[in-house]
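Participant: Below, each chain spelled out in residue letters.
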Amino acid sequence: MSRHIQMTVNGQQVGPVEVPEGLKMIEFLHEYLNLTGTKFGCGVGVCHACTVIVEGKNGVSEVVRSCISGVERFAGKKVRTIEGHAKRNEAGEITELSPVQMAFLEHFSFQCGWCTSGFVNETTALMERLAKNPVAVSDVEQVVEEALKEHICRCTGYVKYYQGVKALILNTRGLTY
Amino acid sequence: MKATNISRCRRFFRRLQTALMAFFLLAGISQIQAAQDQETLIKQGKYLAEIGDCVACHTPQGGRELSGGLPFETPFGIVYSTNITSDKETGIGHYSYRDFYRAMHEGISPDGNLYPAMPYTSYHLLTEQDTRALYAYFMNTKPVRQENKASEIGFPFNIRMGLKAWNLMNHKDGEFTPDPAKSDSWNRGSYLVNVLGHCGECHTPRDATFAMRPEAHFQGAVLDTFEASDITPQELNRQNWTHEDLRQLFTRGYSRKGTVFGGMYPVVYHSYSHLTEQDMRAVTSYLLDNEADIAEQPLTFNGHDKQAPGYNLYMGYCAGCHGQDGEGRPHVAPALAGNATLDRSSAFNAVSLLLNGIVSQHYNSTTSFYAMPAYADKFDDRQLTDLVNYMRTTWTSQKADIRLSAVAEIRINMKQSLH
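Chains as they are written, first to last, in the UniProt record's numbering: chain A, 1 to 177; chain B, 1 to 419.
Honestly, the hints are just simulated from the structure, not real lab data. Check before you lean on any hint, since a few could be wrong.
[Claimed, not checked] SDA-like cross-link-like pairs, simulated, lysine to any residue; straight-line CA separation at most 20 Å:
hint : chain 1 : residue 1 : chain 2 : residue 2
1    : A       : LYS39     : A       : VAL60
2    : B       : LYS46     : B       : SER30
3    : A       : LYS87     : A       : GLY76
4    : B       : LYS46     : B       : THR59
5    : B       : LYS378    : A       : PRO99
6    : A       : LYS57     : B       : THR59
7    : B       : LYS378    : A       : VAL60
8    : A       : LYS77     : B       : ASP380
9    : B       : LYS306    : A       : GLY76
[As the list claims (entries may be wrong)] Across the chosen pairs, the derived CB separations fall in these ranges:
hint : chain 1 : residue 1 : chain 2 : residue 2 : range
10   : B       : ASN237    : A       : VAL44     : 53 to 61 Å
11   : A       : GLY43     : B       : THR74     : 23 to 31 Å
12   : A       : GLU18     : B       : ILE78     : 50 to 58 Å
13   : B       : GLN33     : A       : GLN142    : 44 to 52 Å
14   : B       : ASP289    : A       : VAL159    : 40 to 48 Å
15   : B       : PRO266    : A       : VAL44     : 20 to 28 Å
16   : A       : GLY76     : B       : GLY77     : 21 to 29 Å
17   : B       : GLN297    : A       : GLY43     : 56 to 64 Å
18   : A       : GLU62     : B       : THR367    : 43 to 51 Å
19   : A       : ASN89     : B       : GLY357    : 39 to 47 Å
20   : A       : GLN142    : B       : GLY263    : 41 to 49 Å
21   : A       : VAL44     : B       : ALA117    : 35 to 43 Å
22   : B       : ALA211    : A       : ALA75     : 30 to 38 Å
23   : A       : GLY174    : B       : PHE301    : 31 to 39 Å
Given the structure is predicted, the values throughout are model-derived calculations rather than measurements. Heads up, the beta-carbon is just placed ideally off N, CA and C, and yes, glycines get one too.
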């Protein structure tokens, strides 16, 4: 049986679109919207490579693993994927990367890049949380560890990811005190 | 000296030599025998201590085995388990057998009355032989020097003399009495479950003085965030638990009826997974009150009601791990068809699991279950009610009769128990 789903993805209204029952969000992004930047990793919600951002209650962003979440979970919600971070011009060309993307570039954070979209989304959501609730400088390392610890990088490039995020938080006004 | 005297003397010394040799030989043999007996006794005690699950309560998070210090929330404050290694100063290494016996049977240690958090109300039925074996084992555990933590029980419950009155009201020492109408195996199971396994301590509701209510034996009780299930034979047989289901649950932590969680995980991990095959059958025979094999009924799946409000919630949040049709994924998430947590009149555990999630569970190098996230912040009471009712009607024969007010009450209780 099919169902009609609609949501907002990266600021664009999507649907109502007819989808089969049991469709996972990652399949919806790949097959229906051609947004292939979200990567399918373990398929059981463990590696967090497939993480996307959903606008939660009171405007607070939450991260959701799209490989284990049915598309119904996102009905009527605002979703951001890796394709929604960089600024683009009218022709659709990228003109500016987000601060998180820049931080990972500057720190040579990724190797094969499969896990990168998950790390970018998780870090972006973290930055937004910290903008609302800043933390003490002394706690930054722990906060970063807490936010990123579930993300698996099979190239084991954790150090550069963590360094990049830590530097970004410390250098962004308003996130720490 | 005359020749006869010399030969008499020689004979005497030869006899003495033979006698001495025989004495030392026999002494040596009896020493070896004693050592062997002691070794057997320690081994037996180790097995009994495993089935008694002493490690689970007496090992602090990330700490040394049996060294105590694990906190227990009671209605009166926090009690910490004690060091029960053989350390003579901080543990129980200085206990005489009598001291040990009194602690296990009467709840009285050389330092005073024990709080009934130590299940002497179950252990008191231990046989003399088993108590001796346990004593032999504990006196030979690796000593760990770790001071005991003082309990944080408020006045007047911190006065241990009060426990004497509690014992007078609620505790009577005695030995396990087998039921002559039942088989040896059933009685062995009863002994393992009621005495060493002290299952009644969690699975039996308590009265106003927090003593187990004998008339409600094994009918289930709420413990903070989870409800220890009704494990009466009537309920287990109604849910079509078989000997094999229980064996799998107790050895691997999961069966076709679901996985263990909360306080049952350490019980399986440290304790019941070590049961011998014979004892396991005794335990399952007792719990099911049936020694014959039980036929496995097909698991319930009533099909999806796509108009039900819980359907979208299930597909969006749960189907990824538990399967589109509730079939589950091996080593990731249990199946929901016939799931024991859903298939009960009380929705307490179904709601509390959704609110609190489950931590990941590891059994061996090839068997682990992933953590289930907590949805307390994701679902409101209406959504929780819809989801639980949906799952119950889809995968069990229970009705969609869970009310919004009942779910709201569970959430409030949960907040209180989690502070």
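Participant: Run through the hints listed earlier and report the numbers of any the structure violates, in increasing order.
Facilitator: 1, 2, 3, 5, 6, 10, 11, 13, 14, 16, 17, 18, 20, 22 and 23
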